[in-house]
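Q: One-letter residues, chain by chain:
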Amino acid sequence: MEGLRRHYGQVVALDGVDLTLQPGELVALLGPSGCGKTTTLRLLAGLEDADGGTITVAGRDVSRLPASKRDMGMVFQAYSLFPHMTVRQNVAFGLRLRKVSKEDRDRRALQMLELVGLTEQADRYASQISGGQQQRVALARALAIEPKVLLLDEPLSALDAKVRAQLRDQIRRIQLELGITTLFVTHDQEEALAIADRVGVMREGRIEQLAPPTEVYSRPATSFVAEFVGLTNRLPGTVSSGKVTALGRTLPLVDPGTPDGPAVALVRPEAVTLASGAGQADGSPLSGTVIAITFLGATSRVTVHVGDLTIMAQLSTSDASALTAGSQVTLAIRPDPVLVSADKVAASEE
Amino acid sequence: MAVAAATTTSGARPSRAGRLRPPAWIGTVPFLGYVGVFLLLPTGIVVWNAIRNPAGHLDLASLKLIFNPNVRSFFTGSIELSAVSSVVGAVLGAFLAYAVASGNPDGVVRRLYIAGSGVLTQAGGVTLAFAFNAAIGPSTGFLMHAGWYYNFPAGIALIYIYFQIPLMVLVFLPAIDGLKVQWREATESLGGSTFQYWRHVGIPLLFPAFIGATLLLFANALSAYATIQAWENQIAYTVPQQIYVAISSEVGLASNEGDVLAVGMVVLVAILMVAYAMLQRRAARWLR
Amino acid sequence: MAAIGSLGDSLSVVQPAGQPAGQQGMQGGRRRRLNLFRYAMFTIFGLFFLLPLVAMVRFSLEGTKPGSFSTSAWTQIGSTPGLLSAIEITLELVVLTCVVVLVLLVPTMIWIRLRVQWIARIFEFLCVLPLAIPAIVLVVGLVPVYNRIERTTVSPLQLFWVYVILALPYAYRSLSAGLTAIDAVTLAEAARSLGASWATVILRVIVPNMWQGILNALLLTSALVLGEFTIAEILNYSTLPVALFNISRATANAGVLFSTSTAALLFAFILLLILSYAGRRLQRNRA
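Protein chains in written order, with numbering that gives the first Met the number 0: chain A, 0 to 349; chain B, 0 to 287; chain C, 0 to 286.
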């Protein structure tokens with residue numbers, strides 16, 4: 000997809016989006032509501048027309064082609080199963096449209112149902128199966144026609160948390176097994192990071208960064224990406240000669256060319272370490288008070304007040320168990336390169 | 000402090016002062032009384048009279064009147080007129096309903112058409128007959144002089160269709176709204192054309208609602224009286240018209256023809272309403 | 000005219016709740032074809048519905064020689080014997096029926112929904128029953144009932160007793176939809192837990208939130224009473240439709256028929272637009 004543009008009246012939904020999917024890869028489009036990720040997907044599917052730009056699939060320009068001729072499989076967020084057909088009939092529907100014989104249709108439908116693990120439900124109706132099962136049927140239906148590209152529009156957003164995680168992994172497994180090129184849209188960054196080969200973080204109609212998950216997480220290209228993906232501490236500081244000084248510590252910068260001046264350093268909670276005791280051994284002013292400890296399972300997030308700043312640190316739960324609310328701690332920041340945001344120190348965009 | 004679980008009282012409860020408070024359902028007595036006197040009682044009277052002979056004894060033979068060929072012709076006439084107007088009205092109304100439903104859900108057009116449908120379908124009384132007379136009456140028609148205007152059922156069917164279509168729009172619109180856009184898009188992305196969508200998805204899903212609505216229109220036409228009387232009241236074509244004749248003529252007053260006809264009508268309409276309700280439930284399962 | 004099953008529903012829910020087939024995200028070619036279809040439909044049906052009405056208006060403005068213009072049909076409304084009083088009676092019936100419908104249904108429905116839920120199904124059945132018992136049937140059994148009533152008062156306004164029954168299905172649907180939309184039960188429980196008495200709950204909490212449903216019910220009832228002919232004629236009362244009918248039997252195409260009919264239709268339509276507009280304002284305020 001190149002230079003895609005789309006607007007609805009006054010509202011600009013896509014503002015020059017370039018995206019190339021390599022064969023067999025799963026790209027996740029991640030972003031807040033309204034960022035244009037779903038629009039991009041729908042343009043690729045052919046359900047909407049672009050106002051500018053082109054879409055090419057396997058070398059062929061499909062920009063003008065209607066959805067029914069694009070040979071793509073699509074899984075919607077919800078409600079997409081036909082209520083008057085059984086699971087089997089739903090899955091076989093695409094083949095029926097292509098005039099495949101009943102035998103072959105049923106055979107392939109069962110094959111697909113096996114793939115998603117729902118052969119027992121073949122003769123049930125959509126209203127008789129759970130949300131997670133419905134989405135698996137939708138997946139089977141989309142794959143039954145052997146599409147060139149698989150498109151998933153927030154397929155897990157309407158499901159319970161536990162089902163979401165299971166289904167997410169299952170989708171990835173199937174995708175790898177079939178080697179099918181896939182575009183996966185979501186607003187849940189955990190999902191995107193967990194299953195994608197590359198993640199495209201979008202905002203207001205543009206892609207801010209398109210890179211493998213580890214890179215997006217640890218080397219965010221913009222402050223928006225840094226703050227949207229994972230948690231971030233915003234520490235006011237000053238940039239000078241390629242380094243930033245915040246809270247008395249000097250840290251290297253991701254972009255050494257950043258101009259000097261006041262800035263906000265974006266530090267991940269995992270980069271903050273805590274030790275109990277208020278000792279200021281090396282005289283650095285990094286002493287704070289624990290105000291809350293949030294138990295997250297294997298790790299815990301400890302929120303600390305340092306002066307008038309609130310800082311989050313991520314520790315293993317066993318380390319965190321030594322601390323209690325109100326105790327004094329000393330902070331240290333790992334000297335990883337950080338990103339700075341040029342926003343005003345006091346401003347905090349939500 | 001316990002929150003008053005106030006919603007499921009029935010039966011008397013002792014109040015703090017030790018007196019018995021009346022049960023909550025007493026509040027519905029005025030309503031029940033009203034409905035009893037003005038709905039159930041007259042209906043009961045009609046049925047009562049229909050199964051009595053002129054001497055006043057219980058005699059189901061009166062009901063056989065329905066099979067009398069003269070009487071049967073009224074039922075045939077009613078059914079013919081109702082069938083034509085409801086089927087045509089349903090089909091045309093379905094198209095119109097789709098046109099309304101597929102537009103801006105907030106828009107002026109939709110609101111206008113729904114408002115208009117509400118008025119037009121109730122306006123099908125005497126005024127409608129006058130309007131049609133003015134438009135296509137054989138002697139004074141403004142648009143044309145339709146020689147067939149006073150033919151039964153042609154002329155009156157057209158007038159019926161005029162108020163059946165808006166009724167169809169009102170009744171069928173929710174069903175069309177219930178067609179989820181995802182179904183259309185899923186069909187498209189699976190490679191289906193518009194025709195295939197309607198054939199495999201749209202029409203099958205709408206079918207129960209459509210049939211139900213048609214039955215409703217049918218019942219509506221059966222019950223109609225004012226319009227056809229205003230159109231032509233010298234000859235009775237339909238059952239309601241004949242009921243009027245029966246209860247207002249000298250001969251009629253002595254016999255219970257009116258009551259018998261009325262019972263026949265009620266049975267017919269009741270069957271239709273039950274069928275409608277069942278179909279509605281099926282439609283709601285899919286389309287809500 | 001009986002049997003309008005979901006009329007109340009449709010009018011009280013002018014905007015669909017779910018995902019209608021709106022046009023925002025649609026492919027160009029299909030959208031064009033769809034719009035073509037829509038405008039064709041609206042034009043064809045618009046014409047069909049308008050033409051008789053246009054004819055009616057035209058006739059109301061025609062003089063003795065075809066093609067001449069005259070407002071005599073309209074002035075005759077005042078001078079035709081009995082017509083003005085028939086109009087008056089009908090309007091009074093509209094008001095009377097509306098009031099009784101509200102007084103009868105609103106408290107009862109709220110009461111049932113809040114305190115006597117087990118009756119709800121019977122109640123619904125009774126309210127919808129008039130759809131299955133057409134007016135023409137009902138009136139046959141009403142003759143003796145009204146004979147009894149006429150021993151005390153002979154006035155067409157007594158028609159309101161049965162008009163309320165006829166209006167039940169429509170009013171019930173509208174009010175029921177209104178009660179459901181505001182989740183009356185939860186509101187009542189909240190109010191009760193804050194210490195409100197039942198009277199307060201009904202009058203100050205539920206009813207003020209029900210305006211949409213009440214307006215709908217009023218509108219449907221008014222439209223019904225304005226056009227009701229069957230029962231009035233057979234029981235021999237002179238309401239507007241009956242008066243018009245009699246005039247038409249005497250003089251086939253009397254101009255005054257058309258002028259009155261036009262006026263009545265306009266009246267009903269304006270009522271409907273007001274309602275639809277008021278409904279939208281209420282919805283916006285609440286949302």
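Source of the hints: derived by calculation from the structure; they are not laboratory data. By construction, the Cβ of each residue, glycine as well, lies at the ideal position given by its N, Cα and C atoms. Misleading hints may appear alongside valid ones.
Distance condition first, Cα-Cα at most 25 Å in a straight line; then the derived SDA-like pairs of lysine to any residue [claimed, not checked]:
{"id": "1", "chain 1": "A", "residue 1": "K68", "chain 2": "A", "residue 2": "Q127"}
{"id": "2", "chain 1": "A", "residue 1": "K68", "chain 2": "A", "residue 2": "G58"}
{"id": "3", "chain 1": "A", "residue 1": "K98", "chain 2": "B", "residue 2": "T193"}
{"id": "4", "chain 1": "A", "residue 1": "K101", "chain 2": "B", "residue 2": "T193"}
{"id": "5", "chain 1": "A", "residue 1": "K147", "chain 2": "B", "residue 2": "Q195"}
{"id": "6", "chain 1": "A", "residue 1": "K147", "chain 2": "B", "residue 2": "I270"}
{"id": "7", "chain 1": "A", "residue 1": "K101", "chain 2": "B", "residue 2": "Q195"}
{"id": "8", "chain 1": "B", "residue 1": "K63", "chain 2": "B", "residue 2": "I270"}
{"id": "9", "chain 1": "A", "residue 1": "K101", "chain 2": "B", "residue 2": "W197"}
{"id": "10", "chain 1": "A", "residue 1": "K147", "chain 2": "A", "residue 2": "K161"}
{"id": "11", "chain 1": "A", "residue 1": "K98", "chain 2": "B", "residue 2": "I270"}
{"id": "12", "chain 1": "A", "residue 1": "K98", "chain 2": "A", "residue 2": "V148"}
{"id": "13", "chain 1": "A", "residue 1": "K161", "chain 2": "A", "residue 2": "Q127"}
{"id": "14", "chain 1": "B", "residue 1": "K63", "chain 2": "C", "residue 2": "L101"}
{"id": "15", "chain 1": "A", "residue 1": "K161", "chain 2": "A", "residue 2": "Y216"}
Restraint ranges, calculated between C-beta atoms of paired labels, are given here [unchecked claim]:
{"id": "16", "chain 1": "B", "residue 1": "S247", "chain 2": "C", "residue 2": "T74", "range": "47 to 57 Å"}
{"id": "17", "chain 1": "B", "residue 1": "S247", "chain 2": "C", "residue 2": "L90", "range": "54 to 64 Å"}
{"id": "18", "chain 1": "C", "residue 1": "L156", "chain 2": "B", "residue 2": "S247", "range": "17 to 27 Å"}
{"id": "19", "chain 1": "B", "residue 1": "R198", "chain 2": "A", "residue 2": "E1", "range": "28 to 38 Å"}
{"id": "20", "chain 1": "B", "residue 1": "P29", "chain 2": "C", "residue 2": "L90", "range": "55 to 65 Å"}
{"id": "21", "chain 1": "B", "residue 1": "V273", "chain 2": "C", "residue 2": "L46", "range": "47 to 57 Å"}
{"id": "22", "chain 1": "B", "residue 1": "D105", "chain 2": "A", "residue 2": "A157", "range": "16 to 26 Å"}
Q: Please flag the earlier hints that this structure goes against, numbers listed from lowest up.
A: As far as the earlier hints go, 1, 6, 10, 11, 14, 16, 17, 20 and 21 are violated by this structure, in ascending order.
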